[in-house]
Amino acid sequence: MRRFLTVLAALATLSLTNCGYNAIQTNDEQVKADWSEVVNQYQRRADLVPNLVNSVKGFAQQEKDVLLGVTNARAKVGSIQATPEVLNDPAAFQKFQAAQGELSSALSRLLVVTENYPQLKSDALFHDLISQLEGTENRITVARNRYIKSVQDYNVTIRTFPTNLTAMAFGYKDKPNFTVDNEKEISTAPKVDFNPAPAAPAAPAK
Amino acid sequence: MNAARAFVLALAMVWACAASADVAVPPLTGRVVDQTGTLSSGDIASLTQSLKGLEARKGSQIAVLIVPTTAPETIEQYSIRVAETWKIGRKKIDDGALLVVAKDDHHLRIEVGYGLEGSLTDVTAHRIIDEVITPKFKAGDFAGGISAGINRIIKVIEGEPLPAPAPPHWQEQGAFNGAALLNPFVLFGFFIVGGFLRTVLGRLIGASATGVVVALVVWLIAGSIAAALLAGGLAFVVAMFADGFTPTGPGSRSRNGGWSSSGSSRDSDSGFSGGGGSFGGGGASGSW
Numbered sequence: 763m764r765r766f767l768t769v770l771a772a773l774a775t776l777s778l779t780n781c782g783y784n785a786i787q788t789n790d791e792q793v794k795a796d797w798s799e800v801v802n803q804y805q806r807r808a809d810l811v812p813n814l815v816n817s818v819k820g821f822a823q824q825e826k827d828v829l830l831g832v833t834n835a836r837a838k839v840g841s842i843q844a845t846p847e848v849l850n851d852p853a854a855f856q857k858f859q860a861a862q863g864e865l866s867s868a869l870s871r872l873l874v875v876t877e878n879y880p881q882l883k884s885d886a887l888f889h890d891l892i893s894q895l896e897g898t899e900n901r902i903t904v905a906r907n908r909y910i911k912s913v914q915d916y917n918v919t920i921r922t923f924p925t926n927l928t929a930m931a932f933g934y935k936d937k938p939n940f941t942v943d944n945e946k947e948i949s950t951a952p953k954v955d956f957n958p959a960p961a962a963p964a965a966p967a968k
Numbered sequence: 397m398n399a400a401r402a403f404v405l406a407l408a409m410v411w412a413c414a415a416s417a418d419v420a421v422p423p424l425t426g427r428v429v430d431q432t433g434t435l436s437s438g439d440i441a442s443l444t445q446s447l448k449g450l451e452a453r454k455g456s457q458i459a460v461l462i463v464p465t466t467a468p469e470t471i472e473q474y475s476i477r478v479a480e481t482w483k484i485g486r487k488k489i490d491d492g493a494l495l496v497v498a499k500d501d502h503h504l505r506i507e508v509g510y511g512l513e514g515s516l517t518d519v520t521a522h523r524i525i526d527e528v529i530t531p532k533f534k535a536g537d538f539a540g541g542i543s544a545g546i547n548r549i550i551k552v553i554e555g556e557p558l559p560a561p562a563p564p565h566w567q568e569q570g571a572f573n574g575a576a577l578l579n580p581f582v583l584f585g586f587f588i589v590g591g592f593l594r595t596v597l598g599r600l601i602g603a604s605a606t607g608v609v610v611a612l613v614v615w616l617i618a619g620s621i622a623a624a625l626l627a628g629g630l631a632f633v634v635a636m637f638a639d640g641f642t643p644t645g646p647g648s649r650s651r652n653g654g655w656s657s658s659g660s661s662r663d664s665d666s667g668f669s670g671g672g673g674s675f676g677g678g679g680a681s682g683s684w
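Respectively, the protein sequence lines represent chains R and E.
So for the first sequence, our numbering puts the first residue at 763; every next one is plus one.
So for the second sequence, our numbering puts the first residue at 397; every next one is plus one.
Incorrect hints may appear among the rest.
Unchecked claim - Partial selection, computed: residues in chain E whose CB lies under 7 Å from chain R: (1) Thr425; (2) Val519; (3) Gly676.
Keep in mind the hints are simulated off the structure, nothing from the lab.
Note that CB positions come from ideal geometry on N, CA and C, so glycine has one too.
Please construct the entire structure, taking both the sequences and the accompanying hints into account.
This is how it looks when you write it as structure tokens:
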């Protein structure tokens, strides 16, 4: 009898590790680490922006609107705290993503504008800043990709049987993932219009 | 019947789509992988020689890959996939770099591992592409462009303080060390656990339990199922036949501890493999 009980206790301990508690912990930590990398790279981009704005300002002062847009978007990004708690709050996650998306589009407007200033484009400092920005954008893409994958692993773990029971017992919820910012825009085919738009010639006349 | 046929057809189409989706990452056959036949064997040999020299001196690994095209992916997406598959660079030091050329797309990229991002910055990589490689590519001199670019990268890496390269025939880091099983503490633990379980459970069940426990512990520590099974079996035999705490352990087995995973193939380049370095998307792209 005593022997039987001992064996039973050993089996119970073994089966506990099988209910997926450890797997959830591992996946959760992985998600957190990948999220930190995403935030890290976004921070790197945010740090680049002031220098970039300054170097453009020297050559293209008349592009005030665009420069102001970038500066404002940068300020907004800086005001959002991107702690790992964001991951458990879909609304905060949405807000973070929206702010970063705004900075992305402001930066791309700035890059479009700089095409009109050959002197700026040949400036060595500007050139270096642009290569840093390109590299950082690519790092952001990679970090986001890895985050998406680890969130997928995590969500699959806590939603499949039998680990979903463990997740329920300990209150683990699935984590939000990145979505494309402009889903609607992408799903409609772009219109190509070869007629000169009436707004375009009017702009230089001002 | 018709429905089944339609289903099979749909499945086949999905497979066909999946197969044509992305360019496959070629196997890492050497430091220079040329899928377009652009480089002569002499070019490849001299490039390999200088890359091998770098690894011997500094420990960093660099690989070159030339593909016809990366479509439908961009070169950035493709090259990070290659980097993640090949794992160039030493593990934990992450000092690998990759030069990917998509010849028909007229795109190229230098992918830089985490450990080299400090010296081979995005700016430096961009300059190397713009000032060293693309002028030669524009003139159609691919071999010259690649070797000039690689030489520049090597020079940059030489200025970076990195941990010294491991001596050849070094046992792979992180691999399970068989000798750890013969560590006196581990052996002692075996006998204690084995003796205890055997008195409680009897000879056969006690020995089996010891084997299971030891296998679990080894699996947790070493993370290798093969090593765990080996250790578990060993412990079972010891607990079954050893008397009490008298260590009549398998002392003659110690020869097993010294196997080395990377053989003597270092002389030829066919044995080249990535050391487990990781990449985070650093580097620069360019076109010509």
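Evaluation of the provided hints:
no. : hint   : in the structure
1   : Thr425 : violated, 26 Å
2   : Val519 : holds, 5 Å
3   : Gly676 : holds, 6 Å
Going through the hint list in order, the structure does not satisfy hint 1, though it satisfies all others.
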